[in-house]
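Asker: With the hints as extra help, turn the sequences into a complete structure.
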Amino acid sequence: MWSKCQRDIISYESFFRLQKLFVASLLVATNMSMATSSALNSINMGRSVAFVRALRNEARNSVFVKANSKSVPLVGFGEMLWKEYKTRTHERFSARRFTSRTQINSTTEEKSSEKETLEVAVPAKFKPYPFQYHQELTVKIESLTNLGFGISRVDLEQEIDENDNKIQRKWVIMLPNVVPGELVRIRIYRNYNSYSDADLIEVIEPSPDRIDPICPLAGICGGCQYQHITIDRQRKMKTVQVQELFEHVGGLKKEAFPSVLDTLGTDEVFGYRSKITPHYDAPLRSKRRKSPEEAAALAKKSYEIGPIGFKEKSSRRIVDVPFCHIATPAINDALEHIRNEKREEAKAGKLKKPTKGATLLLRDSDGMVETDPKSYVNATVGDLVFRFQAGNFFQNNPFMLTKMVDLVVTA
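Mapping the sequence shown onto our numbering, position 48 (from 1) lands on 280, and the numbers just tick up by one.
No wet-lab data here; the hints were simulated from the structure. Here a beta-carbon is modelled for each residue, glycine too, at the ideal position from N, C-alpha and C. A hint or two may mislead.
The calculated lysine-lysine pairs, modelled on DSSO-like cross-linking and capped at a C-alpha distance of 30 Å, are [said to hold, decoys possible]:
1) K470 / K486
2) K543 / K584
3) K574 / K606
4) K543 / K588
5) K635 / K486
6) K402 / K470
7) K486 / K372
8) K486 / K402
9) K372 / K485
10) K543 / K582
11) K486 / K468
12) K574 / K543
13) K606 / K584
14) K398 / K372
15) K606 / K579
16) K357 / K470
17) K372 / K359
18) K468 / K402
19) K588 / K486
20) K635 / K606
21) K606 / K588
22) K588 / K574
23) K543 / K359
24) K402 / K357
25) K574 / K585
Label-pair ranges, simulated between beta-carbon atoms [stated by the list, open to error]:
26) T603 / I433: 37 to 47 Å
27) A353 / A580: 34 to 44 Å
28) T495 / D429: 23 to 33 Å
29) K357 / D598: 42 to 52 Å
Answerer: Here it is as structure tokens:
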């Protein structure tokens, strides 16, 4: 019977309707094997876990079906169907795995080098063109985007067009934590229609402008993109990026408008940002031990908060950030207290939305940190005092603000 089953056919829209029809057909059909075979031909075994469970649960010992010329109680048939589902799910998952070979250099003189076979689970939605999952390449970094991602272009295999002409295609690969001009080894983890994303594995030829970041989280945290680059090179790259925006996005010819002036900066490279908005994901149910009285009082209310910080550079996961090097000292002093306070509120069941994630606000206003987005704060710029809500947009570098205003006024 199972040799006739077809998979990956049905969509979720028809799922519940087919579940009812199938169970009904089993209960009323005289020749149960015919009804079973017909229904199974229309079921996606990879998406029907709820259906299989329902069939098993609704089965009755008094009802019999024919399966492979044997009379099987429907309850036993449900158990058989359940085992078949789990077996096929495992087979399909295993089929999505492939073996990649990784060169591992030995550190001893007796072993020069050896190859070890590693199994890597390939994401279900991964597109295998033009690179395999975790395929490693050595590339040259040409430039950076305005979001700080390095751009490399590689040649794909030659393709043949309609006129039998060979076409050499260039493919863009983007990755973080690099500097233009560097030769790096990378690992592909996602292919789009026109470019691929990769992780940095090794810097083979580093740029003279590469430095060690002051923050230990700079390599993964999405809050900063340029900490591994000297401040002088950062400012030059920003000048070039603005110039390219005028030309490529604005459609202006370089000779038709004045060149962009050099980027201005201040001596405050760190500890300058007057506003940060760390996040945390939906809290998890607390598993800590409690007294019976406490457990009763906190029933369905006690939760535990995971990382509190900013999203990773290449994913939506949150990096735990207990200290932010670009934030003002006043914000960092308040950050530790707020992190502890939120975690205690979650455990005590006092969060306003205990099952949802949230974004926190820390706004430094003249040394006082405000956490209520609707509260009003002041910012002094020269002889002017601006008043606005803490959650609203305002220039977050107060050291740069005066320079910007003076430049506009005197222009």
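Asker: A separate judgement is required for each hint: does it hold in the structure or not?
Answerer: Right, here's what the structure says about each hint:
Annotation: proposed proximity of K470 to K486 holds, straight-line Cα distance about 17 Å (limit 30 Å). For the suggested pair K543 and K584, the alpha carbons sit about 23 Å apart, so the restraint of at most 30 Å is met. Using a Cα cut-off of 30 Å, the hinted pair K574 and K606 holds, with the two alpha carbons roughly 19 Å apart. The suggested pairing of K543 with K588 holds, with an alpha-carbon distance near 17 Å, which does not exceed 30 Å.
Using a Cα cut-off of 30 Å, the hinted pair K635 and K486 holds, with the two alpha carbons roughly 27 Å apart. This hinted pair checks out: K402 and K470 have alpha carbons roughly 26 Å apart, not beyond 30 Å. Among the hinted pairs, K486 with K372 is consistent with the structure: their alpha-carbon atoms are about 27 Å apart, no more than 30 Å. Distance restraint check for K486 and K402: the Cα-Cα separation of roughly 26 Å lies within the 30 Å cut-off, and the hinted pair is therefore satisfied.
Under the criterion of a C-alpha separation no larger than 30 Å, the hint pairing K372 with K485 is consistent with the structure, at around 28 Å. Between K543 and K582 the alpha-carbon distance is near 25 Å, which keeps this suggested pair within the 30 Å criterion. Between the alpha carbons of K486 and K468 the distance comes to roughly 18 Å, so the proposed pair stays at or under 30 Å and holds. For the hint pairing K574 with K543, the CA-to-CA distance comes to about 19 Å; that is within 30 Å, so the pair holds.
A C-alpha spacing of about 17 Å is found between K606 and K584, which places the hinted pair at or below 30 Å, so the restraint holds. Only pairs whose Cα atoms come within 30 Å are accepted, and K398 paired with K372 is accepted, the gap being roughly 25 Å. Only pairs whose Cα atoms come within 30 Å are accepted, and K606 paired with K579 is accepted, the gap being roughly 26 Å. With a C-alpha separation of about 35 Å, the suggested pairing of K357 with K470 is violated against the 30 Å cut-off.
Restraint check for K372 and K359: satisfied, since their Cα atoms lie roughly 24 Å apart, inside the 30 Å limit. A C-alpha spacing of about 27 Å is found between K468 and K402, which places the hinted pair at or below 30 Å, so the restraint holds. In summary, the hint linking K588 to K486 is not supported, as the alpha carbons are separated by about 50 Å, beyond the 30 Å threshold. Of the supplied pair hints, the one linking K635 and K606 holds, its CA atoms being roughly 28 Å apart against a limit of 30 Å.
Annotation: proposed proximity of K606 to K588 holds, straight-line Cα distance about 21 Å (limit 30 Å). For the proposed pair K588 and K574, the alpha carbon gap of about 13 Å is at most 30 Å, so the pair holds. For the hint linking K543 to K359, the alpha-carbon distance of about 24 Å falls within 30 Å, and the restraint holds. Proximity of K402 to K357 is assessed by CA-CA distance (about 24 Å); at most 30 Å being required, the pair is judged to hold.
Between K574 and K585 the alpha-carbon distance is near 12 Å, which keeps this suggested pair within the 30 Å criterion. For the pair T603 and I433, the supplied restraint of 37 to 47 Å holds, since their beta-carbon distance comes to about 40 Å. Our hint of 34 to 44 Å for A353 and A580 holds, since their Cβ atoms are close to 39 Å apart. Against the hinted window of 23 to 33 Å, the Cβ-Cβ separation of T495 and D429 comes to about 28 Å, which satisfies the hint.
In this structure the supplied range 42 to 52 Å holds for K357 paired with D598, their Cβ-Cβ distance being about 49 Å.
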